[in-house]
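Got two chains here, separate frames each, mind docking them using the hints?
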Amino acid sequence: MVNITINGKLVQAYEGEMLLAAIRRENIDIPALCHHEAVEPYGACRLCMVEITKNEWDGWKNHVTSCLYPVEEGLIVNTHTPTVIELRKTILDLFLASSPHSTVIKKLAAEYGITRTSYEEVPDSTDCILCGLCTRICDKMGFSAISAVGRGHGKEIAPPLKEPPPDCVGCLSCAYICPTHYIQFTDNGKERTIWGKKFKLLRCEKTGLPTITEEFAAYLIKHREIPEDYFKINDLSHRRELALKMGQITQWGREA
Amino acid sequence: MKARLIVNPNLCTGCRTCELACSFTHMVGGKPGLSRIYPLDGGFKDLYVPVVCLQCEDPACAKSCLVDAITRNPETGAMVLDEQKCVRCMACVAACPFGCSLFDRINNLVVKCDLCDGDPACAHFCPTKALEYKPIEEHILKSTG
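Protein chains in written order, with the working numbering: chain R, 1 to 256; chain X, 1 to 145.
Next comes chain X alone, as it looks inside the complex (with noise of 0.2 Å):
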């Protein structure tokens, strides 16, 4: 894992061109509702946190995923959801601590952000780069596991 999805939100605007940039790129029509990043509520004044899959070292959704369709994409260390091997048992969606692993009821389909193999749309959209996906030093990965 060399790089990563790094969210800033002292710089998010809430604007959310990242949510819809997600549904552009994996759902048809674009929906925002069924993006995988969600912009919400900081609690602050002028405070938005753009919420993303974090890509836990330990991740719960594969933990809890009885039938290992979660795996970790080995180029791009992001934990994928194999649509063909997931039976809906909606595991994953409940144990995910960040709330991440999503069901699009629309679709009958779970989907959880998959780093878009590698060039994340809401990084490239992200007018204040309050997302920013880049490569990240060696030791700092050391250092932070």
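Next comes chain R alone, as it looks inside the complex (with noise of 0.2 Å):
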């Protein structure tokens, strides 16, 4: 364990983790937009700033983005100073104005007292803030089926070519896991298109309700050795399965 002072309280912190993890334990609320469990910190959205000090850097404080600040001993984190709150300002005022219709970075900014952005309005801006989230949690779960292309004002995330993605399986996780909702997608309950693809649904045999994407499904049982079986019909099948294979079996006992 280490010992480290969050806004003058010392706490615990467990060795390698990052500063942004021992903050939220303690309650402390600091916005953070590209960060999410399932993925490696990245820095990328800069809203999770905190000021660090140490009593031997003789008044000498720094600026850091938690999410990717290991834990030291003897550090001193101060999460709403003055300057912390200036500097998470300016950048949801950048924000606001390379997005000015998301309504996750208007609420956001609202709630550090900014209603309009300073700086010129990008023209023909989207919700989309580059964060990755999407492009990791894809690449994590095993498809970097989707990247950022281009650069600087031409950045934006797309499939290959800009043509639907072979290899994008239609599981949703990148439009779950984008913090402004900027990635669309239809569900019809029959079929599914996202990044331009279309997707079948499969569905249950007995009821024909909807499960995963035929695609998906497939990936399952070629590389997480799932039976194919498993996939033919939906949860509520299943328990309904079990529970009459059980009670068969409850019933050869009670004729016994």
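Worth flagging that the hints you see were computed from the coordinates, not collected in a lab.
Treat the hints with care, since some could be wrong.
Said to hold, decoys possible - Derived lysine to any residue pairs resembling SDA-like cross-links, with alpha carbons at most 25 Å apart:
| # | chain 1 | residue 1 | chain 2 | residue 2 |
| --- | --- | --- | --- | --- |
| 1 | R | K61 | R | E37 |
| 2 | R | K222 | R | P164 |
| 3 | X | K85 | R | K245 |
| 4 | R | K155 | R | K190 |
| 5 | R | K190 | R | P164 |
| 6 | X | K129 | X | R16 |
| 7 | R | K245 | X | L34 |
| 8 | X | K134 | R | K200 |
| 9 | R | K140 | X | A62 |
| 10 | R | K140 | R | E37 |
| 11 | R | K206 | X | F103 |
| 12 | R | K245 | X | T13 |
| 13 | R | K200 | X | R88 |
| 14 | X | K85 | R | L130 |
Right, dumping it as structure tokens:
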């Protein structure tokens, strides 16, 4: 265990964990748009910026992204000093210029007292803040169907050649994880469309209810060694079948 | 894994107390539909089977989870889902052969039985002891795996 001070309170943190984890455990609310437990920290949004210092640093202070800074013995962390708040305001101001229509950004900026950007709004703006969560989760899951393409102003998240991605299985994890809900998809219970690719949904043989996409099931069967039969019916039918099987066994016991 | 949740359908009356106990323990408001245990029709007269996660030895839910959000709690032996890690891809819901990985549409959560961290509320409230959480002797554990 490592001893650190967060906002004047002495707390213990696990060795090797990042500051953000220790701060969140203390129920201190600091914004972080590009952070998710399932993927490695990335430090793209810069909103989790905190002020750090140590007693032996002679009053020297530094501002770091807490999601990327590992805990150290004797570290003194302040999450809401005027400078940190000013930094966060500047970052949110810039986000508001690049994504002026995103409700998530607008709400977060309003919490910090910014309702209008002081910069010039980007003309063809999108809600994408290029945090890379979608590409990171896609890589982590082993599909790598989407990636960042282009540089500078033209940088965006897209499938290869901006065509329907061959490696995408339509699991919708990228759409779920997107902090600004920018990634769009449609799902009508029969067909699912994301990144311009159409997927057919598997249907329960008994109830007819949709489960996951055919491609995703095929991936799990091939790479995760899940038997093919498991995907024939949905969870409700699985439960009913289990109840009937266990019921049959119990009945044999009763008759005997 | 020294204790198991033992289901004895012979003693189950289908009173659904376990369902209520589960809902009140895990969900705000205690809606029976959001329970992780389901007493279902066993197919014969007066026969009900409480269907609950079996905490498999070789669990399909954990195998299908591509972000390793489902891990075994070494103390209770339960397969526990980390909500912070879960990305709602529904792989475990589709892959579980017993249908005990559930999706809660209201709160947009994937839920499964976690044995209440070693003190299952369903077993506490079961009036007929059809559900029992009790320690198992070493030699039985070895022979059954």
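Legend entry - Restraint status (C-alpha distance of K155 of chain R to K190 of chain R at most 25 Å): It is violated: about 33 Å lies between the C-alpha atoms, which goes past 25 Å.
Legend entry - Holds or violated: K134 of chain X to K200 of chain R, with C-alpha atoms at most 25 Å apart: violated, 45 Å
Inset, instruction - Mind checking the alpha carbons of K140 of chain R and E37 of chain R for me, to see if they're no more than 25 Å apart? - result: Roughly 12 Å between the alpha carbons, so the hint for K140 of chain R and E37 of chain R holds.
Legend entry - 25 Å limit on alpha-carbon distance, applied to hinted pair K85 of chain X and L130 of chain R: The hint holds at about 21 Å.
Inset, instruction - Below or equal to 25 Å on CA atoms is what counts here, so check K222 of chain R against P164 of chain R. - result: holds, 22 Å
Legend entry - Satisfaction of hint between A62 of chain X and K140 of chain R, Cα-Cα up to 25 Å: Within the cut-off at roughly 15 Å; holds.
Inset, instruction - Would you check the hint for K129 of chain X and R16 of chain X, treating anything up to 25 Å between C-alpha atoms as holding? - result: holds, 13 Å
Legend entry - Pair hint K190 of chain R and P164 of chain R, alpha-carbon separation not exceeding 25 Å: holds, 19 Å
Legend entry - Agreement of K245 of chain R and L34 of chain X with the hint, judged by alpha carbon distance not exceeding 25 Å: holds, 24 Å
Legend entry - Pair hint outcome, K61 of chain R versus E37 of chain R [Cα-Cα no greater than 25 Å]: violated, 28 Å
Inset, instruction - Would you mind confirming whether the straight-line C-alpha gap from K85 of chain X to K245 of chain R stays at or under 25 Å? - result: Given that 25 Å is the threshold and the Cα spacing comes to 34 Å, the pair is violated.
Legend entry - Restraint check for K206 of chain R with F103 of chain X, where alpha carbons must lie at most 25 Å apart: OK: K206 of chain R and F103 of chain X at ~19 Å, within 25 Å.
Comparing the model with each numbered hint stated earlier shows that hints 1, 3, 4 and 8 do not hold.
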